[in-house]
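Start from chain A and add chain B according to the hints.
Number of protein chains: 2
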Amino acid sequence: MNTAVTKLLKTDYPIIQGSMAWIADASLAGAVSNAGGLGLIAGGSAPVDVVRAEIQKTRELTDKPFGLNIMLLSPNKDDLAQLVLDEKVPIVTTGAGSPGVYMERWKAGGVTVIPVVASVALAVRMERLGADAVICEGCEAGGHIGDLTTMSFVPQTADAVKIPVIAAGGIADGRGVAAAFMLGASGVQCGTVFLTADECNIHENYKQRVLDAKDTGTVVTGRIGGHPARCLKTPATRKMLAIEKDNPDALEEFLVGSLRKAVQDGDLEEGSFMCGQIAGMLNSRKTCREIITDMFAQAEALLHG
Amino acid sequence: MNTAVTKLLKTDYPIIQGSMAWIADASLAGAVSNAGGLGLIAGGSAPVDVVRAEIQKTRELTDKPFGLNIMLLSPNKDDLAQLVLDEKVPIVTTGAGSPGVYMERWKAGGVTVIPVVASVALAVRMERLGADAVICEGCEAGGHIGDLTTMSFVPQTADAVKIPVIAAGGIADGRGVAAAFMLGASGVQCGTVFLTADECNIHENYKQRVLDAKDTGTVVTGRIGGHPARCLKTPATRKMLAIEKDNPDALEEFLVGSLRKAVQDGDLEEGSFMCGQIAGMLNSRKTCREIITDMFAQAEALLHG
Chain A
1 MNTAVTKLLK TDYPIIQGSM AWIADASLAG AVSNAGGLGL IAGGSAPVDV VRAEIQKTRE
61 LTDKPFGLNI MLLSPNKDDL AQLVLDEKVP IVTTGAGSPG VYMERWKAGG VTVIPVVASV
121 ALAVRMERLG ADAVICEGCE AGGHIGDLTT MSFVPQTADA VKIPVIAAGG IADGRGVAAA
181 FMLGASGVQC GTVFLTADEC NIHENYKQRV LDAKDTGTVV TGRIGGHPAR CLKTPATRKM
241 LAIEKDNPDA LEEFLVGSLR KAVQDGDLEE GSFMCGQIAG MLNSRKTCRE IITDMFAQAE
301 ALLHG
Chain B
1 MNTAVTKLLK TDYPIIQGSM AWIADASLAG AVSNAGGLGL IAGGSAPVDV VRAEIQKTRE
61 LTDKPFGLNI MLLSPNKDDL AQLVLDEKVP IVTTGAGSPG VYMERWKAGG VTVIPVVASV
121 ALAVRMERLG ADAVICEGCE AGGHIGDLTT MSFVPQTADA VKIPVIAAGG IADGRGVAAA
181 FMLGASGVQC GTVFLTADEC NIHENYKQRV LDAKDTGTVV TGRIGGHPAR CLKTPATRKM
241 LAIEKDNPDA LEEFLVGSLR KAVQDGDLEE GSFMCGQIAG MLNSRKTCRE IITDMFAQAE
301 ALLHG
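So the protein sequences, as listed, match chains A and B. Heads up, the first sequence is in my numbering, so the first residue is 1 and it goes up one at a time. Heads up, the second sequence is in my numbering, so the first residue is 1 and it goes up one at a time.
If we strip away everything but chain A, and leave its shape as in the complex, we get (with noise of 0.2 Å):
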């Protein structure tokens, strides 16, 4: 499936993997690459000696283009901006606000930058500011999110912008990435449904329950406080809403170290286990390969079928 996202991707297929901190490590990024779409290593807060170690494990595992994800509110932004450079990573998205101060540096190094944008206004900055697509993420997505959902958000950027719209959020399967394309993306960007891919190396408890997960199995805290992320309903999900029912500012103290313990420790009582609202569409494990070819089978039926 040609498009401008394969295109300016270089991929066989116009999907990101999206950047999970935490998750997104070289086993699913290099994976997702091999498989044909664009795989990214989530930065996250990991030292830069980490992040170096995951790009090149991704080298060993994939010759097919990668990508890195900066999330501009973390402290090494800088450092992890300077790494995309050393390490000649082809592709960068960052999170968070915009990536203004690295983009000449970047452009001069060849590396193709592509936001993830929470409004128009924000689309419409990142093409003057020379991004070479923009990823709108709707509210349905897993982690944290903006306002705007998938469906309202695509076509008003697609009416604002020239560079490809890539659409992220409540896209895991064939007609999600049919209906993104008729809103006018070129490329979707899917995080939840490789929560359950085969070389996604999460804790099982965390697989297991997004596997289970229903229409209704997500919930989105911090939305008092200003910072809404929408994790699976777990018991410490209760007790996040109920902290910041009362105190919005302490939720922060209970999120500490919350994302590692759902990853790694499966912990549902202490840890975040971010989900977007499609997960409850999901119910077989698969490989990053079945994933990817059956989603584009799918969408290529529905579009030219």
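Hints were generated in silico from the structure; no laboratory data involved. Note that the coordinates shown come from a computational prediction; the quantities given were computed from them, not determined experimentally. Among the hints, erroneous ones may be present.
Any copy will do: because identical chains look the same in the list, a pair fits if it lies in one copy or spans two.
Within a straight-line C-alpha distance of at most 25 Å, the following computed DMTMM-like cross-link-like pairs (lysine to aspartate or glutamate) qualify [stated by the list, open to error]: (1) K207 - E104; (2) K207 - D159; (3) K162 - D212; (4) K233 - D147; (5) K233 - E87; (6) K57 - E204; (7) K214 - D147; (8) K10 - D246; (9) K207 - D86; (10) K286 - D86; (11) K233 - D159; (12) K214 - D132; (13) K286 - D159; (14) K239 - D249; (15) K245 - D147; (16) K162 - D294; (17) K64 - E252; (18) K239 - D147.
Frame of chain A, contents of chain B only:
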């Protein structure tokens, strides 16, 4: 365009005009039905004689099918349920719960029953009760909303029921219609786009604010108290967000009459201007006929072009 929904509704196009309290009157419903969609009259909490008069006015305006929406939290829901039979209204949609207690009488009376649902489980329950279709409304919609977005809700429901699924929330042009169809819907319900229709009798302040809105122009109030509703950002919603943070229960008091103040008075200080996220896409005034024919010409081109 023929789908399971045009067959069910006996309309030219598979589109229902969303029911909006104080707004969806004979003028709007009649114009939508004349244009080949299904016009709906909002039962709301209006006295039965007022609703009966709107039904009779609609019959004067059109000989095409139209429907009545009954909000199941309404104090006069029993009377409205009987009115459907007395006035031989061909189609009824319901919101805010299960119309189970009326189902047998309605079905015996030949009424087509289409509940708005908030989860896959409720959709399955409605199918078992004998509903003819379900409307899956995503939280990008205006007015009272649930948790799920259109993108994640529609395909999960399509997997779970055999009756037609009608997508609502975030749909205002042919791209949205085509996307909804890709997700497994065979019809759409649109509210916000009809706020801009020439035949929609809302205050000029309201209509102009919808046309002026950007993608981020709406906000959800009432989340803390458990009654979320999406409205245009106005001085009133700023007040509402402040009130609910201090005392969620006090919000109800502010809300009394706030819909009427928006629709009839255009009162930005005290009115609730219910409106969906897709308002950011709307920037021209059209008749209902233009809205519907433009929407489906674009959808046809995308789906079969």
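### Message
For K233 and D159, with the copy left unspecified, which applies at a CA distance of at most 25 Å: within, between, both, or neither?
### Response
between (36 Å within a copy, 22 Å between copies)
### Message
At most 25 Å between alpha carbons: which applies to K239 and D147, within, between, both or neither?
### Response
both (23 Å within a copy, 19 Å between copies)
#### Entry: 25 Å Cα threshold - placement of D147 relative to K245
both (20 Å within a copy, 19 Å between copies)
### Message
Checking an output row: K207 and E104, CA cutoff 25 Å. Within, between, both or neither?
### Response
For K207 and E104, neither the intra-copy (40 Å) nor the inter-copy (43 Å) Cα distance is at most 25 Å.
### Query
When no copy is specified for K10 and D246, does a C-alpha distance of 25 Å or less occur within a copy, between copies, both, or neither?
This pair counts as neither: shortest intra-copy Cα distance 49 Å, inter-copy 52 Å.
### Query
For K286 vs D86, is the C-alpha pair at or below 25 Å within one copy, between two copies, both, or neither?
Cα proximity of K286 and D86: none, with 34 Å in one copy and 55 Å across.
### Task
At 25 Å max between alpha carbons, let me know whether K162 reaches D294 within a copy, between copies, both or neither.
between (30 Å within a copy, 23 Å between copies)
### Query
Are the CA atoms of K57 and E204 at most 25 Å apart within a copy, between copies, both, or neither?
within (23 Å within a copy, 61 Å between copies)
### Message
Within a copy, between copies, both or neither: which one fits K162 and D212 at a CA-CA cutoff of 25 Å?
### Response
between (40 Å within a copy, 22 Å between copies)
### Task
Could you figure out if K233 and D147 sit no more than 25 Å apart (CA to CA) within one copy, between two copies, both or neither?
both (20 Å within a copy, 13 Å between copies)
### Query
What label fits K239 with D249 when the C-alpha limit is 25 Å: within, between, both, or neither?
Both, since 14 Å and 22 Å are each at most 25 Å.
### Message
I want to check one pair: K233 and E87. Are their C-alpha atoms no more than 25 Å apart within a copy, between two copies, both, or neither?
### Response
neither (39 Å within a copy, 45 Å between copies)
Hint check: violations occur at hints 1, 5, 8, 9, 10 and 17; the rest are consistent with the structure.
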